[in-house]
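Novice: Generate the whole structure from the sequences, applying the supplied hints.
These protein sequence lines map, in sequence, to chains A and B. Quick note on the working numbering: the first sequence kicks off at 1 and runs consecutively. Quick note on the working numbering: the second sequence kicks off at 1 and runs consecutively.
Warning: the hint list may mix true and false statements.
Since the list gives no way to pick one copy over another, a pair counts as held whenever it fits inside one copy or between any two copies.
[Stated by the list, open to error] In silico lysine-lysine, BS3-like type, Cα no more than 27 Å apart, as pairs:
| # | residue 1 | residue 2 |
| --- | --- | --- |
| 1 | 115 | 218 |
| 2 | 318 | 278 |
| 3 | 318 | 47 |
| 4 | 115 | 223 |
| 5 | 315 | 47 |
Think of the hints as simulated: they come from the structure by calculation, not from any bench. All figures in this text were calculated on a predicted structure; none of them were measured in a lab.
Number of protein chains: 2
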Amino acid sequence: MTTVNRVFNFSAGPAVLPLPVLEQIQSELVALPGVGMSVLEISHRSKTFEAILAKAEADIRSLANVPSNYKVLFLQGGASLQFSMVPMNLLGQGQTADYIDCGSWAEKALKEAKKVGTVNVAASTKGENYSRLPKQSELTLTPGAAYVHVTTNNTIEGTEYSTLPQVGDVPLVADASSDIFSGPVDVSKFGLIYAGAQKNIGPAGVTLVIAREDLVAKSAGNKALPTMLNYSVHAENTSLYNTPPAFGIYAMGLVIKWLLDLGGLPAIAEINKRKAAKLYAEIDRTGFFRGTANKDDRSLMNVTFRLGSEELESKFVKEATAAGLDGLKGHRSVGGMRASIYNAFPEAGIDALVSFMQEFERKNG
Amino acid sequence: MTTVNRVFNFSAGPAVLPLPVLEQIQSELVALPGVGMSVLEISHRSKTFEAILAKAEADIRSLANVPSNYKVLFLQGGASLQFSMVPMNLLGQGQTADYIDCGSWAEKALKEAKKVGTVNVAASTKGENYSRLPKQSELTLTPGAAYVHVTTNNTIEGTEYSTLPQVGDVPLVADASSDIFSGPVDVSKFGLIYAGAQKNIGPAGVTLVIAREDLVAKSAGNKALPTMLNYSVHAENTSLYNTPPAFGIYAMGLVIKWLLDLGGLPAIAEINKRKAAKLYAEIDRTGFFRGTANKDDRSLMNVTFRLGSEELESKFVKEATAAGLDGLKGHRSVGGMRASIYNAFPEAGIDALVSFMQEFERKNG
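Specialist: See the structure below:
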């Protein structure tokens, strides 16, 4: 493999992927070993692809200890399409779905659900710019709700649940796009977990859905629902109802394998905690930088921080980019800086950013 | 680039891609030149990706001479999701959509449309196993219909329109998944064209939609429609409402560039005609093989044929596969053999198949 010049990529998603995964994709891109065709060319009905799909699912089940009464689906459309599919499949007539409005993406999910049925906003921190997560005591939950929807990590605002909301027997549905498999997860605590792949587990274009069978069964035989939006159809066809995003599934499989080889979710959790701790320590060190998220709710994935003025922030981003630290500009809706440091983000990049921050403070403090 | 052993891939989709495209993807897979990040890792809001997207669109406009009052969209979900999006966006209350039921995929489109609104089956050749296309004189069109839906190439049955149905002022909506950009197209004859990429223009996971602006505008401000299924939203956001299938768009762009470099649609049409003619000539040569599609409706993309017995067909497919001719088994719903010979399928593969057929006939005839 030729050595290539790679920058440190702090993008919020699509985001950095493990270099060994990229190298494997590269090495077999023109023809999969022993197959004579590229993974981009093989039929989704071929034994080769069926094996890729089965391996990806088996490795996900192994990595996250997914109980046998949960389906693992590979879909398209990202979390944004899940915002509609979740209520279209799970929110029956006469039922209410509870939504925890804890961030910009949570609000989008909530808006789509309102098109489908009755929604109760269980809590909202929108008035505080979503700088903190609602507390358990603030939740107004509907008895017998169809489900409670939560966004486990809020990419834009830099907050993340370290303890899940308690919702009793009601199914918890989670958009885990930006923290999935960043640490151990008890899948049995959820009714359904969904995640666009492009942050922690692969390239854009494939969406992972892990759903309890009784929830999947809700849409069985539902002839009114567009077939492509029906969880039950995708489950019955093991994600092969139509041509799946084959390359995305293949790449996700390699990322999952990389996580397993690394020691699984406990191992990546340790690395992620160490990376985030280094960065937050620097943010908190002198007061020159200022973290924007409530300290108790700080995300290990998206570290949001600001400087004294927007001019200084522009300068910071510009000089960081020139120094090979790419993608540090905060989301356009909140400004400031954001360092997205997902599973595949290398610790050396954290060290480089911390050094850059210290140098920047020395020059501009 | 190391030489790799590649087979001839007759798969109906995902299908063979141009080798130079695969080699370019491979060469820059770990880091795009001058960018330091893989195309799998770059933000969809980055200048790099915006340039990839803009170039893909510009090249498509150039290749197919797309009029300026048409939008070019890159979506997810394949043709199967378009089966629902088309009526959800274009079929208003009190309106009727005409569907030409000319193949197995046309029937699927029709079934999804019926969930959304009023549908008239303008003609059907289902009773003849879709072995021919309905004639113009057989069409029962609804005056003032919202649109007429047609499948321009029927992948499973091996039929293809060489002359479009005449539908007057009613917008013609075409599923062109299996023959898009296989020859010159007058886009102005259509209201909307859609195509899953994985046959003629790229890998699975990205769907091309080319739609006239007045049709796109029909869903503007439609708050009831799921946002992700709204053409108008995708058009307003230049396919960047949410994270797009970035890799698929990049790969499609390279395939389009390859077509342009080859001489565009007239050039590929000549190649496709020559390839198909060689194969049909062999099928018709002695009567040992039998084409299944009506001769006037024969597809240049999917060549379907049978042998005297299913045993002999199994033997043919098995021995062909062993000889490096992969994917010749017909669709499970019709049996027999199918040679899918899309744009990127090399002429040398046709010659190899013809030789194999002659040899097979000599041994088994």
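Novice: All the hints need checking, so say for each whether the structure fits it.
Specialist: Do the hints match the structure? See the list:
1. Within a single copy, residue 115 and residue 218 get their C-alpha atoms as close as 19 Å, and across copies as close as 18 Å, so both meet the 27 Å cut-off.
2. Within a single copy, residue 318 and residue 278 get their C-alpha atoms as close as 22 Å, which meets the 27 Å cut-off; across copies the closest is 59 Å, which misses it.
3. Proximity of residue 318 and residue 47 under a CA criterion of 27 Å is satisfied inter-copy only: 14 Å between copies versus 49 Å inside one chain copy.
4. In this homomeric assembly, residue 115 and residue 223 come within 27 Å of each other (Cα to Cα) both inside a single copy, at 19 Å, and across copies, at 8 Å.
5. In the homo-oligomer, the alpha carbons of residue 315 and residue 47 lie at most 27 Å apart only across protomers (19 Å), although the nearest pairing inside one protomer, at 53 Å, exceeds that limit.
Of the hints listed earlier, there is not a single one the structure fails to meet.
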